[in-house]
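Engineer: Sequences are here, hints too, so could you generate the full structure?
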Amino acid sequence: AQKITQTQPGMFVQEKEAVTLDCTYDTSDQSYGLFWYKQPSSGEMIFLIYQGSYDEQNATEGRYSLNFQKARKSANLVISASQLGDSAMYFCAMREVESGAGSYQLTFGKGTKLSVIP
Amino acid sequence: DTGVSQNPRHKITKRGQNVTFRCDPISEHNRLYWYRQTLGQGPEFLTYFQNEAQLEKSRLLSDRFSAERPKGSFSTLEIQRTEQGDSAMYLCASSGQLRLSDEQFFGPGTRLTVL
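Quick note, the sequences are listed as chains Y and F, same order.
Counting from 1, one number per residue, gives the positions in the first sequence under my numbering.
Counting from 119, one number per residue, gives the positions in the second sequence under my numbering.
The set of hints was computed from the structure by calculation and includes no laboratory data.
Quick reminder that beta carbons are idealized off the backbone N, C-alpha and C, glycines included.
Nothing false has been slipped in among the hints.
Below, a sample of chain F positions facing chain Y; criterion: calculated Cβ distance under 10 angstroms:
(1) Val-122
(2) Gln-159
(3) Gly-160
(4) Phe-163
(5) Thr-165
(6) Tyr-166
(7) Phe-167
(8) Ser-176
(9) Met-207
(10) Leu-209
(11) Phe-223
(12) Gly-225
In silico BS3-like links for lysine-lysine, alpha-carbon gap of 30 angstroms or less:
(13) Y:Lys-3 x Y:Lys-73
(14) F:Lys-132 x F:Lys-175
(15) F:Lys-175 x Y:Lys-73
(16) Y:Lys-110 x F:Lys-129
(17) Y:Lys-73 x Y:Lys-110
(18) F:Lys-129 x F:Lys-175
(19) Y:Lys-110 x Y:Lys-70
(20) Y:Lys-110 x F:Lys-175
(21) Y:Lys-70 x Y:Lys-113
(22) Y:Lys-3 x Y:Lys-110
(23) Y:Lys-16 x Y:Lys-73
(24) Y:Lys-16 x Y:Lys-70
(25) F:Lys-175 x F:Lys-189
(26) Y:Lys-113 x F:Lys-129
(27) Y:Lys-3 x F:Lys-175
(28) Y:Lys-110 x F:Lys-132
(29) Y:Lys-113 x Y:Lys-73
(30) Y:Lys-113 x Y:Lys-16
Here are the computed distance ranges between Cβ atoms for each label pair:
(31) Y:Phe-12 x F:Gln-215: 34 to 42 angstroms
(32) Y:Leu-84 x F:Gly-158: 18 to 26 angstroms
(33) Y:Glu-17 x F:Gln-135: 42 to 50 angstroms
(34) F:Ala-171 x Y:Met-11: 35 to 43 angstroms
(35) Y:Arg-72 x F:Glu-186: 36 to 44 angstroms
(36) Y:Phe-12 x F:Gly-158: 16 to 24 angstroms
Structural biologist: Take a look at the structure:
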């Protein structure tokens, strides 16, 4: 079974509108972390936002917020006021503590390609 | 620029040749990761170093792959007898503290094409 599932291969959003990118995850760990990364066409992975499994409040970082629903095992990324520069691949990733190796490696989903339309 | 750097950025080679990639992590980071990203997929973990010790290897890392991190600074990833299936983007990442919330800082990647 996939540990991270991103069901939207591609999404379009009008400039200045908000968009939600979906992510569901599968783990039996009690302690884990969820990350979102942005990958522009240049290839570099850029960290956007983090949510810990024990965090009671949804994480926010500027225009990015994470809609964390623990019981549903979902961690959707919300981008408000989309900009043309937001066009990129977006990856959801998970770090597990108990079942993950001691390396704290990240397990990534397949990504969602976001295109912002002027 | 004090980010993670990788060289070369692009490598084209013929099947059966050996290739070596280099990663220079952020200087104060003692943890270094290699990932492989194929077309249409997210990055997949290959191996992990803490300082100079290689502490974990994925089953994706066949015996044709070897990674080193001498002196706990830069790291190299070598692929021997390359195959067309090795064509991918190879990403290096580093991190400092081993905390659940710590992000990994990624380099720009090395794109390998095996002809």
